[in-house]
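Construct all of the structure, not just a fragment, from the sequences and the given hints.
Protein chains: 6
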Amino acid sequence: MKKIKLPSSIVLDPLLQSWLIEDIGRGDRTTGGIFTEDIATREAQWVAKEVGIIAGLPVAARVFQLLNKEINFIPLATEGEKVDRTKVIARIEGAMDALLMGERVALNLAMRLSGIATLTQRYVDAIADLPTQLVDTRKTTPGLRILEKYATQVGGAVNHRMGLDDAVMIKDNHIAAAGGIKEAIARIRETMPYPLTIEVETNTLAEVEEALFHGADIVMLDNMTTEQMKRAVQFIREKNEKVKIEASGNVTLDNIRAVAETGIDYISSSAPITRSTWLDLSMRLK
Amino acid sequence: MKKIKLPSSIVLDPLLQSWLIEDIGRGDRTTGGIFTEDIATREAQWVAKEVGIIAGLPVAARVFQLLNKEINFIPLATEGEKVDRTKVIARIEGAMDALLMGERVALNLAMRLSGIATLTQRYVDAIADLPTQLVDTRKTTPGLRILEKYATQVGGAVNHRMGLDDAVMIKDNHIAAAGGIKEAIARIRETMPYPLTIEVETNTLAEVEEALFHGADIVMLDNMTTEQMKRAVQFIREKNEKVKIEASGNVTLDNIRAVAETGIDYISSSAPITRSTWLDLSMRLK
Amino acid sequence: MKKIKLPSSIVLDPLLQSWLIEDIGRGDRTTGGIFTEDIATREAQWVAKEVGIIAGLPVAARVFQLLNKEINFIPLATEGEKVDRTKVIARIEGAMDALLMGERVALNLAMRLSGIATLTQRYVDAIADLPTQLVDTRKTTPGLRILEKYATQVGGAVNHRMGLDDAVMIKDNHIAAAGGIKEAIARIRETMPYPLTIEVETNTLAEVEEALFHGADIVMLDNMTTEQMKRAVQFIREKNEKVKIEASGNVTLDNIRAVAETGIDYISSSAPITRSTWLDLSMRLK
Amino acid sequence: MKKIKLPSSIVLDPLLQSWLIEDIGRGDRTTGGIFTEDIATREAQWVAKEVGIIAGLPVAARVFQLLNKEINFIPLATEGEKVDRTKVIARIEGAMDALLMGERVALNLAMRLSGIATLTQRYVDAIADLPTQLVDTRKTTPGLRILEKYATQVGGAVNHRMGLDDAVMIKDNHIAAAGGIKEAIARIRETMPYPLTIEVETNTLAEVEEALFHGADIVMLDNMTTEQMKRAVQFIREKNEKVKIEASGNVTLDNIRAVAETGIDYISSSAPITRSTWLDLSMRLK
Amino acid sequence: MKKIKLPSSIVLDPLLQSWLIEDIGRGDRTTGGIFTEDIATREAQWVAKEVGIIAGLPVAARVFQLLNKEINFIPLATEGEKVDRTKVIARIEGAMDALLMGERVALNLAMRLSGIATLTQRYVDAIADLPTQLVDTRKTTPGLRILEKYATQVGGAVNHRMGLDDAVMIKDNHIAAAGGIKEAIARIRETMPYPLTIEVETNTLAEVEEALFHGADIVMLDNMTTEQMKRAVQFIREKNEKVKIEASGNVTLDNIRAVAETGIDYISSSAPITRSTWLDLSMRLK
Amino acid sequence: MKKIKLPSSIVLDPLLQSWLIEDIGRGDRTTGGIFTEDIATREAQWVAKEVGIIAGLPVAARVFQLLNKEINFIPLATEGEKVDRTKVIARIEGAMDALLMGERVALNLAMRLSGIATLTQRYVDAIADLPTQLVDTRKTTPGLRILEKYATQVGGAVNHRMGLDDAVMIKDNHIAAAGGIKEAIARIRETMPYPLTIEVETNTLAEVEEALFHGADIVMLDNMTTEQMKRAVQFIREKNEKVKIEASGNVTLDNIRAVAETGIDYISSSAPITRSTWLDLSMRLK
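Residue numbers (my numbering), protein chains in the order written: chain L, 28 to 313; chain X, 28 to 313; chain C, 28 to 313; chain D, 28 to 313; chain S, 28 to 313; chain H, 28 to 313.
Possibly wrong hints are sitting among the right ones.
If several chains are the same, the list does not tell them apart, and a pair holds so long as it fits within one copy or across any two.
Mimicking DMTMM-like on lysine to aspartate or glutamate, the simulated pairs with C-alpha atoms at most 25 Å apart in a straight line are [unchecked claim]:
hint, residue 1, residue 2
1, 269, 237
2, 96, 40
3, 269, 234
4, 271, 210
5, 32, 217
6, 271, 281
7, 32, 64
8, 271, 237
9, 266, 152
10, 198, 64
11, 313, 281
12, 198, 49
13, 257, 281
14, 29, 237
15, 209, 156
Rather than coming from a laboratory, the hints here were simulated on the basis of the structure.
This is the structure in structure tokens:
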């Protein structure tokens, strides 16, 4: 299983802090009222309440540490591990008020990310023996893109571009505004950072040909039938082996295998993020 | 249909700005490369691609206006309206680069919020003729609590507390730490703002009695059978008519009606948020 | 003496940091010019220069620690303790530059908070043998609400709502806009989080009756004579024992006892915050 | 009356926004519940409820405009004007929800600032016919320094340094650490921006002499008797006419005139800020 | 001349605001003291005081507009235009206090950016008739990367990657840590977003071959002689026409043409940013 | 060599964090892909690649510590030390991923600051035996003023004012708007903090006389010939020994000595900042 690394805490911490403040507001009335004296150290456990793929434990650990540096969060499942119902996935030791104050934010993150990883893996498993890879999209919950795209990786997918700035994606409206695929590519190449790649969205074989001819690095086949895809793949492979081919549009668990068998390189789908539910996890104090 | 008001833009705008920056990063390479000269005004339409309840159009409107004040976002569906597939739910006029740059963030929000409103309403519909109301929980996506709880309202639910600071919720760990329900309530009352209410989580009738006796404003029946709930409701109503009763734990579309028929006031469920998928919406330029 | 807990440092630290930056600006010219080499550890003392109630020492400790983690701030008075002139209330050990750089911000906070606690206690003492409690208001210095309301608690008062979002307060303008108390309560109940309470401001016995009848949780008697209050209290107690009664308006040390003797539950007053002066404290290095 | 200008809104707006968010939190439940439809424009008046000096109306105006750009705030008193009880000091027209949502923050600021201006003027009036001027100190409420020092100016005082970075103030601890006044001044001059001035705190005539000899721009006489001050002033004037002399320590309304009559240039006092109460102002809707 | 577009103001404004606050601090004492009454509208001109390429006028315009929306900034030179000494490059009309308060920040930006554009163009001109393009590096002034890379574009260069996240650059240390070029590429491909490209730094022909063989998208020739470069280019072109070749290391105006004549695609150089001085511009009021 | 102290980390850290985030963006793809397992500790060296004055090592140290607290940054050159080509100026030990992730930001800062210190010292050396001192200006890179002015100090210069708020500088436009030097000074004195100094820009001897007569603390001779300067200095010294004299305008290495020999106190020049290039430094791993 590949190891996915979270971005540096210098990038993540400001997000986690804002989320703790969102929940705590002007102070945790319940915990703040109970724990006014010396606060006992306690041990808590996180338990999976349904079968799924675990993602987000390092994020959860950091949430608790931002509240109280002494908290010891010991993951008992690795990122990407499939766990059974009732499996204890983490043990947490530390001051009880911090355990209770951080519980909800930490769990919300881990439940959301594990839910994404779980559904991602179902899609990935359907094409695991084929060379095609699953990629995500920019349909992510605002504010959580880094983490949700971390979760799709944990589930076995590959990230597509992270934002509007790290690759070019030319769609029909750009083409219309520029006056053609050729003009659109030319104009964008003038101002884009040179290591960036250009992906062109195509709907017909004619557009595929045009995109290829004018130097697209990636050709996206949008909402084509598997029959159309097969022809497009054959056409592109003959012309240029380096160009990557991506299929997009209405991919489901039912049709993903058929799409992959067209020989394309990547299938992009927002479903692992937009169609997943949270994996049920809970914390109990011992 | 009740009208739900979003918080003031002074509260929302910082969130929306950070989400636009998350997506745009160091600049939209595609749009920035194409639209370098005078930028034409265009009209776009938002279309529902599946049946559901619309929520989040005023938020989407604000997203576009933060990019370009001249953009005119005209909602064609009211918040909470049930729309059919292919229904045009908004018309947007303005500079084309802003339309394309704001599209993803605005749609991501509206799709997520509409998805929540849609599932919420299914729960609410199941008990619509009964006096019991559905309430949400603190299981919300970090950073989006205000908006996700707005969406559950649009779907017909009532908000539970917004954070750890605007009501007290005494759980078993608090009770254990304080040495009993009585002590926990007493200790918290000393330091909590006086208009706040105290909710006590109970698992047995004995606990219900104790919570009631020591002045809980809300008694939560956690994971009880409908039979236990009926007895608890009867007991509480006899003792104190003002106390509110809430049921919590594993409520589903299958059992929500049975739970409501026990006579309780509120059913809390995270399902509308943790179990909902995004409502499929898309933007097309005319 | 009850123990009041400050909100988590994750909530307070951003405030304290911004206040240190306000004072330090682009660098402490005096300290920065003197202490350029290895900086000696010194001991400082905080001394009360007038009689009063101490509040804010844990906040001051945190101010110093944000400048230099090694600083050891040892409080020698407990929060809420009445101290005499010349009493040493804290001992602080650490690098001299940090002691001098943090001195002003830390003292300003402790002086302001102790001043509030001191005047609060004078009001509280006047009704100490009666069941009525003193509550504060939203008349707090912008940016310091959490801390100033902490200080009123230290002085013996109870907090009223912390902001516009954690309870409902219906005033005459709301009533006028809604078309009556009944309509106002009904409309607000539709959208407010359910654990919130509704307080209605009343000026006459007729309004008291209306508020009570339509379900107010708290009835506020605004600017009534003690005679009117007595009648209102009697009326409300007969109708509904659970409803809380609050008196508001021009409460002074002279009349607070008379108001409390009307039997109301709470007296709200902004005086402990708007009429208090700072308690004189100073730091001296040994 | 001199016109005091507030810093640019680019400096003030972030403060005002944070203070509005402090009060509004997750949304104004009362106003948000009532005003869901088209919101009527209303007129409000601000009324003085006690005699005092008005300060802060331009700040209040900006608070409302941040909530709603259409709000028209018309001041009916000039900054620094002495107003009587019942005087209408401002008229505000605009959408009713914004009027109610901004009321508290705007009033809190104006009440606090007017209270400071009012007490400042009492000190200033006591020495109005003398050349000595009153100056403030760094004892200001954390976060409000710019505004509180604006208010002392409105009341007729002159600002002392705004922070640790815009002048040098050498106190006994600095002198001790450096090994003497001469060494302290020399060391600081090496690293301080050259337009900055150096003030030295002195307790004896010997220290005055030393400070003067080593080039202090300002000599502060700390806690001296008026007799000592007179001698120090005479001594300094003879040696160097350009050096400014400041008296500090326990200045009251009773002794300020005697201090000024010693011939010093400035009397610094924190009293206008630490000993002032809020000026009572209220808003009423017409 | 190609038109370079600045990122959306939603990305730039927070930077510009922080820079205005850096300069204004607690308020512009000079302007604030002079302009207290109605402030006259004035016209200012920006004049070039040396020959160079203009860059940054749209940024300067935005700086003034953040201070005062009514300011009209009319550029009289296009971005990238070569101007003579004494050329009037902009006319600015608006309230005089805003003109004076924004002058320094706006000029500092335009001077710095124009200086970069000017030196960039000297490098670009030296190879203008060859297909090789000049690219910048990550050696940019912290906080100004977006703007400094905008300036190199205005000067005719192409941007290299904007940060550590939008392309992969494998250096010797990465290769050593991974255990070889093959392993490094393989490991990174597992976790990188798929549209990203991989650049490998090479020092010998053997490394070039290895990088090419294992799928590098870009091969960087680091500190090679022009003779080595020629051989590497020939080798790579034969094997794979799609791979881009970049030369790096100690490129100067003297040797850049010789490097370009080796047939490589890109020459990267930090010199336009690290070796440029500011273009002298000044503002005068009419 | 005088020791210059950086402002407290409470002031600097927010800048350093924002600069790390600027470079790292959504995560370092190269380092994040290679270093997924236990990360080895390594030692790196910083080497000077050209002769110059070192400045910024304490800043660089802090950059690494913000990424990873365990990193040990050992400076091997003191701030202000002149180093030769190939001199090892620092040794850094710590986890390899943090070394690589922080490298660019830390080096960019040290290279920029050392470049400034290097050119500053050339100017300072030219007048080292004269009493005249070199001062910097407000022409600094936006966002880096504190650090760039730290570097001019390290190079031997003295800081001029840090922003628009810590001294008054009256220029021709202010004089024109106020109606004369006398009026301008009078008006500003009314509202400026009293320890601030007033500098007046003069172009003729008549203006020098007027500035002196109306109480300027500093007279700036703008763009005068050395002959004019000599006369102005003589005139001012005769009238008032305390007034400081500053020369400004087109100072170069060629003419600085002649300017200093006129007997003025300060020569202000933006050249050390606007005309300096970065000192070439690099990091190599052992």
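Here is how each hint holds up against the structure:
1. Taking the shortest alpha-carbon separations for residue 269 and residue 237, both the intra-copy value of 16 Å and the inter-copy value of 18 Å come in at or below 25 Å.
2. Taking the shortest Cα distances, residue 96 and residue 40 sit within 25 Å of each other both inside one copy (13 Å) and across copies (15 Å).
3. Taking the closest pair of Cα atoms, residue 269 and residue 234 come within 25 Å of each other both inside a single copy (18 Å) and across two copies (21 Å).
4. Within a single copy, residue 271 and residue 210 get their C-alpha atoms as close as 21 Å, and across copies as close as 22 Å, so both meet the 25 Å cut-off.
5. When the C-alpha separation of residue 32 and residue 217 is checked against a cutoff of 25 Å, the pair qualifies only between copies, where the shortest distance is 11 Å, while the shortest distance within a copy is 34 Å.
6. In this assembly of identical chains, residue 271 and residue 281 lie within 25 Å of each other by CA distance solely inside one copy; the values are 24 Å within and 40 Å between copies.
7. For the identical chains of this complex, residue 32 and residue 64 are inter-copy neighbours only, at 9 Å across copies versus 39 Å inside a copy, given an alpha-carbon limit of 25 Å.
8. In this assembly of identical chains, the alpha carbons of residue 271 and residue 237 lie at most 25 Å apart whether taken from the same copy (15 Å) or from different copies (22 Å).
9. In this assembly of identical chains, residue 266 and residue 152 lie within 25 Å of each other by CA distance neither inside one copy nor across copies; the values are 31 Å within and 36 Å between.
10. Only between protomers do residue 198 and residue 64 lie at most 25 Å apart by alpha-carbon distance; the minimum there is 19 Å, versus 61 Å within a single protomer.
11. In this assembly of identical chains, residue 313 and residue 281 lie within 25 Å of each other by CA distance neither inside one copy nor across copies; the values are 43 Å within and 33 Å between.
12. In this assembly of identical chains, the alpha carbons of residue 198 and residue 49 lie at most 25 Å apart only when taken from different copies (21 Å versus 37 Å within one copy).
13. Proximity of residue 257 to residue 281 under the C-alpha cut-off of 25 Å is restricted to the intra-copy arrangement: shortest distance 18 Å within a copy versus 44 Å between copies.
14. For the identical chains of this complex, residue 29 and residue 237 are inter-copy neighbours only, at 24 Å across copies versus 37 Å inside a copy, given an alpha-carbon limit of 25 Å.
15. For the identical chains of this complex, residue 209 and residue 156 are inter-copy neighbours only, at 23 Å across copies versus 37 Å inside a copy, given an alpha-carbon limit of 25 Å.
Checked against the numbered hints above, the structure violates hints 9 and 11; every other hint is satisfied.
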